[in-house]
Amino acid sequence: MLNILGYILGFLGVILFFISALGLLRMPDALTRMQAATKASTLGSLLVILSVACFVPQWTLKLVVLAVFILITNPISSSILSMSIYKRFKKDVYNTSGADALKGEKL
Amino acid sequence: MLNVLILLIALSLVLTLIRFLKGPTLADRVIAFDSMSVIATSLLVVLSFYFNKSLYLDLAFVFGLMGFIGTVVFAKFLDKEL
Chain A
80 MLNILGYILG FLGVILFFIS ALGLLRMPDA LTRMQAATKA STLGSLLVIL SVACFVPQWT
140 LKLVVLAVFI LITNPISSSI LSMSIYKRFK KDVYNTSGAD ALKGEKL
Chain B
96 MLNVLILLIA LSLVLTLIRF LKGPTLADRV IAFDSMSVIA TSLLVVLSFY FNKSLYLDLA
156 FVFGLMGFIG TVVFAKFLDK EL
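Going down the list, the protein sequences come from chains A and B.
Heads up: the first sequence is residues 80 to 186, going by this note's numbering.
Heads up: the second sequence is residues 96 to 177, going by this note's numbering.
The shape of chain A in the complex, shown without the other chains (with noise of 0.2 Å):
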């Protein structure tokens, strides 16, 4: 029973990971091609180690440590990335209002 949710569970995180990987090739351009990449990959990783977790039980904690791990540096990776590129490559960012968000003008 708790195999069959395991497989469940990773065939998911897989085919999220498949979209991420196919979003990264396919998006034209960086700051798209980033948030195809980082926010299905985030979520296919923690549903893979729980897929992991519900194979092998006594692994757990372990495992729930590994999960908050990354939900908690994903994010801040990436954001600090995106904030980056958007410095540096400012005049190849989509942006039709004009206004710069960054430091807190309004749209």
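Hints listed in this document are in silico derivations from the structure and should not be mistaken for laboratory results.
Hints may contain errors.
To be verified - Ranges between beta-carbon positions, derived for each pair: (1) B:L121 <-> A:G177: 43 to 49 Å; (2) A:V144 <-> B:K148: 39 to 45 Å; (3) A:S176 <-> B:I164: 22 to 28 Å; (4) B:T120 <-> A:T139: 29 to 35 Å; (5) B:T120 <-> A:P154: 34 to 40 Å; (6) B:L102 <-> A:G177: 23 to 29 Å; (7) B:S149 <-> A:I94: 34 to 40 Å; (8) A:S176 <-> B:N98: 47 to 53 Å.
Claimed, not checked - If we take Cβ atoms under 10 Å as the criterion, some of the chain A residues that face chain B in the derived model are: (9) M80; (10) G89; (11) V131; (12) F148; (13) L181.
Note that the structure is predicted; figures quoted are calculated from it, not measured.
Idealized CB from N, CA, C, for every residue including glycine.
Starting from the known structure of chain A, fit chain B onto it as the hints suggest.
What follows is chain B alone, placed relative to chain A:
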């Protein structure tokens, strides 16, 4: 069944590696590196169940930490603060 799971994770890792090798700017390569580190961490977790060795879990910890630090350092390098 588990072989198919590992093969699909490795396939998405290869698709990310294509963007890493092809990417037109440095930013695309750093994004692909970030995504690759997360996918490789999950691949190590699944491999630790496949080979039934809990040593690979510690390896996954170290790999995730190194990926996070590397991404932050490259972001600071892009920002010309380093």
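Hints, verified against the model:
| no. | hint | in the structure |
| --- | --- | --- |
| 1 | B:L121 <-> A:G177: 43 to 49 Å | violated, 26 Å |
| 2 | A:V144 <-> B:K148: 39 to 45 Å | violated, 18 Å |
| 3 | A:S176 <-> B:I164: 22 to 28 Å | violated, 36 Å |
| 4 | B:T120 <-> A:T139: 29 to 35 Å | violated, 41 Å |
| 5 | B:T120 <-> A:P154: 34 to 40 Å | violated, 23 Å |
| 6 | B:L102 <-> A:G177: 23 to 29 Å | violated, 48 Å |
| 7 | B:S149 <-> A:I94: 34 to 40 Å | violated, 27 Å |
| 8 | A:S176 <-> B:N98: 47 to 53 Å | holds, 50 Å |
| 9 | M80 | violated, 16 Å |
| 10 | G89 | holds, 5 Å |
| 11 | V131 | holds, 5 Å |
| 12 | F148 | holds, 6 Å |
| 13 | L181 | violated, 12 Å |
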